[in-house]
Amino acid sequence: MLSRPSGCCRVVQHQLRTSSDSIWLSEDMLARSFQRFCAISKTARRYGSSVPGPMESRRRLGRRRMAHASEAVPIPRQQFPTFWGTFEDVDMTQWHWQPPKSRPSEPINNKTLLPKWLVEWDNVAENMPFESEDFQMLQNSTFQGQLEIDIEINKFRDDIQMATSSKIDDICKEFNQKLKHALVLGLVSDATLEILLLETTKVLRAVSRDIASTNSRCIALYLAIWQGIASSKVVRSVDFDGQVLATFVSLLSQLPSTTAIQSMAREILTSVSNVQLEIMIQSVISLVKSWMSAWLEDCCLSDCRPSLNSTEAAVMESDYHIRQLESLIIGMMEEPYSEKGIATAQKLIKSCMADILSGIENVAKIDLEMSSLKTSVKTLGVALGNIPQRLLTHIIQTGSDHVLHEYFPIGGRNTNSFRAVRYCWLSFIGRSRFVDDELFIKEWQKMECRNVFLRGLKKSATPIPLTASETSDLVLSRWISQGFLSSASSVENTFSAYGQDRELALLLSAIDRHRENFWTRTKDLVSLLHKLGRHKSVYQLFNRMADLDLKVPASLVASVIDNMSAFNPRLGLNLFKMYYRIRHDNKPLRADGCPNLIISLINDPNIHPRAIWDILGIPMLEPIKHLRKPILVLKPLPKSRVDLIHKMALAFSRSDSRSQRVALRNVMQCAMYLRMHQAEVRPDLSKAISYAGITREIIREHWIGTERLNWALGIISWIEGKEVAQTVDKAAQRWRENLVQKQRSHRRESNVLKVGPIE
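The sequence shown begins at 993 in the numbering used here and counts up one residue at a time.
Be a bit skeptical, because a hint or two may be false.
Said to hold, decoys possible - Below are the DSSO-like pairs computed for lysine-lysine, each with C-alpha atoms no more than 27 angstroms apart in a straight line:
1) 1569 - 1543
2) 1528 - 1515
3) 1569 - 1579
4) 1528 - 1579
5) 1627 - 1579
6) 1639 - 1627
7) 1281 - 1434
Hints are computed from structural coordinates only; laboratory data are not their basis.
Produce the complete structure using the sequences and hints provided.
Following this line, the structure appears as structure tokens:
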């Protein structure tokens, strides 16, 4: 069944009828009328239901009636000639294209032809401009507000220069309120704000010579400016030019870095865009340097020591008085009542209370200083938390160089000041979530002055490592920032309870107490210490863990020993011997799991080969004349042990710390051990024998003994085949011939008189 033709087809095929009273309207008049119609008309939106029902049926019926009624609507003939020209034969009518003709020049009286309502709309449209009155009012108010701000700035400059010192604060307060209100309304432009910041600051600094009062007035001004920007819903902080905000931050960096300044700087840096930060980068670096000077002023290690000494003295005094009081009470229980004893006891109790209160005050003072310092470090971390990684890396590298060149203890500088600023700076780096481990370790090594050249020194600076408490605090803050600890606050509180004796082993103990993946954190800590080059600290860490009864699995210890042996074989050997104190279960630590330890011991001339075989649990075997001869067969070896024996054979043969005889003896020990267990003998063993027996002689330009050559060729033939043995034999014979020729030529050259037997 064919589909029903659409309504548009019926309209096109219908014979068009045009009206005789058509009206010509100019395009300008139509545009103005349509604009006024859209401007003042309020069309109500209709909503139709898609659910079948009585109302939906009526709506559909109305649409059908409108479609039928639209067929009789007259269409102006001026608009459709080109449309009808696309059809050749429609209702037997021929259509031809004609060029357009100009309209007659006689004027048309539109007033008599237009309806009354259209004439009124046209007059209203001519009298009204296209822009709305609200837009003009906004422009006028903005311009007037701009003029008022300029007038207020000039008035403030004149008033504050003529005012007395008692009225300056009132004038500043009034000006700050007006400025804040103007910023909230968005009446201050970028250029005006930049001029205001520079000129007003210059005026405030010129009024008074008192630095403290000048700084407080500048802080109040900057705070009012920022509160106005932050509270504005018209012009936000991201709408200002980056150069204006850079000027603002630069002025903040010139003031003492108080808590108010730090909080304001944090809000500014967290509310700007990345494009603005690109422009503000130098101002941000200046702000960070000012922040560092505040750390030095707030709390230094030298400032805490008197309070700590006072606290320790108070605790000792209270302990002494308590003991006296205890002995007095025991004596009073044995003797009759005595008023003198009661008075003495009361005096001792008062002394104990005074000592305890003094200790509490000192502890509270230290805690306040340290808490303000930690708050400042956290605030800086939040302020720079949203900065892109590229800019943050540049800021960190520049800040580290500033710490070294400005605070390093040379030229009479205090070491404690350097330690304080360095600890705070590394704490900030460790707490930053977007700082990767590579950058963190690099800056840590730089802060410990490892291979660092400073101004004023002809050689590299002497390393100043961090203390155990500083190292453990940095590691804990790093793990917390990276989200490695689920109950971070509990671990931090437990670790802080250890006091000044905090160390890495106690940190792992606190983590183990709260079930926070103790083995994983131990592995991460050891890896960090290895990257920092503190290999001795790794051994001290495990030694301390043994004292604290912290147990680790054999696989973890084996990986630690394997990595440590590449740097210090003796420490690796000591840790291997200490394993039984820290092992998690009764599983033994096999040397197969740490092959680098055995290889490094082979290359150490101070280690006897017998000690190496003792570590493996292999006795020194008697040499066997023929390896093909069947011997006593023992249990098969695991693959890891077979791999280790082959590596040992190669290491012994190529070790410069072993003589050729010792190397051959130990290579044969490897061959006999594999033969006794009927293990797979690989070509590496024949390479070791050929290198120790033949290649070493060639390197030293010595003669290869016939007996040793035949013995080595027999083993090579047994392991790799006769073809390989023949190739080695040809190479050895060629070397022999070459050596004979060298010796003959040397004798000819040395026999100047040509005496002796003629060759």
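Worksheet item: Which numbered hints turn out to be false for this structure?
Response: none
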